[in-house]
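Heads up: the sequence lines are chains F and W, in that order.
Here the working numbering = 1-based position in the first sequence + 24.
Here the working numbering = 1-based position in the second sequence + 61.
Please keep in mind that the hints were generated in silico from the structure rather than gathered at the bench.
Just to be clear, a hint being listed does not mean it is correct.
[To be verified] With a straight-line Cα cutoff of 30 Å, these simulated DSS-like cross-link-like pairs (lysine-lysine) come out:
(1) W:K266 to F:K150
(2) W:K266 to W:K220
(3) W:K266 to F:K108
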Amino acid sequence: MMARVDRLTTVFVKDIPEQLENGVLYVSPECHVALHNCACGCGEEVSTPLVQTEYDFIMEDEGASIWPSIGNHDFPCGSHYIIKRGRIHWAGKMSRQQIEAGRAYDRLIKRGAQPKGLEAIVAWFKRLWAKFIG
Amino acid sequence: MPDTSNFTYKLDGRLVATDDAILSGRDIRGNAGLNPMSDYVLIQIVDRASRSIGLDETIDLREVDEPEFLSFKGDRTFSLTVNERGFEWGAATISAADIYRCASIDEDLELILDSAGDAVIPADGEVTLSEKGVERIRGREAKTVIIKVNGRPRTVPKKKHSYREIALLAYPDADFDNFKYTITYLKGVHGAEGDLVEGEKIEVKNGMVFNVRRADKS
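Next comes chain W alone, as it looks inside the complex:
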């Protein structure tokens, strides 16, 4: 039996199957029904970098591990670097989420924008790109993390936090002499979950959930 397996690639998050190993930028746009083709910028995500693919450029799907493309309506490309690797992008803004994903940056790191005096890019923020300059972005170990305490976001130093410190985030006027606080946590480091009691400390990470209860269950 001849090998009839075809090839797949991702375009804008959707899996596309094809029988052709070698595709041009024109083929990929055509398969996606992007018309007129010249009105779209095609970007390929390659090994923590990205580049734009012209109409006549070809890609050999056999040579690329999990090929991935993004399309943008427009005719301009914007340049940036993430951790010193070159990125081309098809829109004047790039979200932090796209930077984390395309550059394979660990979610515990924070993104820094060099040109803005090492400003931190919020995880739900975006970066405006200009056609002239090249924005330089890098990931670095975060000094603070955002945790959720009783369902509310709280920015805290990235260190071990004690039972009392967490209770105080929920109840700033906590009275440890007279009241009892019950603390449970979820989504901790390596998925840690459990309860935190007096005398204990715990490492925190972005998105970790603490719930503090100041009342008895009966």
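If we strip away everything but chain F, and leave its shape as in the complex, we get:
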């Protein structure tokens, strides 16, 4: 068992490596996805798709933020945390009721949402690259 981490170093890549290193947040702008190993050190891989109905990603000088929280309730560890400016902010385990409410909301936005327009993608890239390069 690896030790839990309290920070994630962001690495921008074209393709995500097959094996992830603990403590690294791999971001592929091309594939609209970020992956990292669960911060608790359990070794489970966490995928956070960066599309409108999934996660928001912001890169700042101090590090990356991903919203909403990472809720690994299906993993044995049950970890729940927020990634903010490269730091892990541990949150409490959620109740079954909270988990189900989150899932119901997820289904609602997915089936209700219109496909994301090109403008939104362009805006997303601009924000991302502005943070990344600028």
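Once you have looked at the hints, place chain W on chain F.
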């Protein structure tokens, strides 16, 4: 007012303007500052084929739709055919990307090298040309496509893929009884994007992006 509009052509991807309708191979090399001129091969891309342009050959820009040229340092030309059309090239290698572009081959097709027993030329690969033989290349309907699943390239049959098949590409030990997988996709056929749920299937294409999440959002 006399018509003062000039003519343009592309050389090595850059747009060049000129007042002359008729240019020689010497003029085009000179405009590009290629010196000494005889050290450069000039190739013109013409209607899904290409040919080399000698120093004294002339081209009437009025007769060519969007004239395009490539220059190569060297004094040899190499021959190949792409979909039965003759190509001349100024280097001993040609990238698959150049073949797709110069021969206007749809990106969904795969390139095949006849002389190598119908070997597939990878989209990011290249073909080595010899001065003697003529390499024969053609495009054909691909049997497989490369998609990205959670940011990793995966080669899959070109067919409709189900929710479970995609989830298994991301998590080979996926447990559909106990876990929930959320699949979103982008860059699909005709730019399709959305989410793929249990019971659905979707056509895949080269470069299509699938992201599979096995955790709840809270």
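Status of each hint after checking the structure:
1. W:K266 to F:K150: The given pair, whose Cα atoms are some 26 Å apart, holds under the 30 Å limit.
2. W:K266 to W:K220: OK: W:K266 and W:K220 at ~9 Å, within 30 Å.
3. W:K266 to F:K108: Violated, because 35 Å separates the two Cα atoms, which is more than 30 Å.
Hint 3 alone, counting from the list given before, is not met by this structure.
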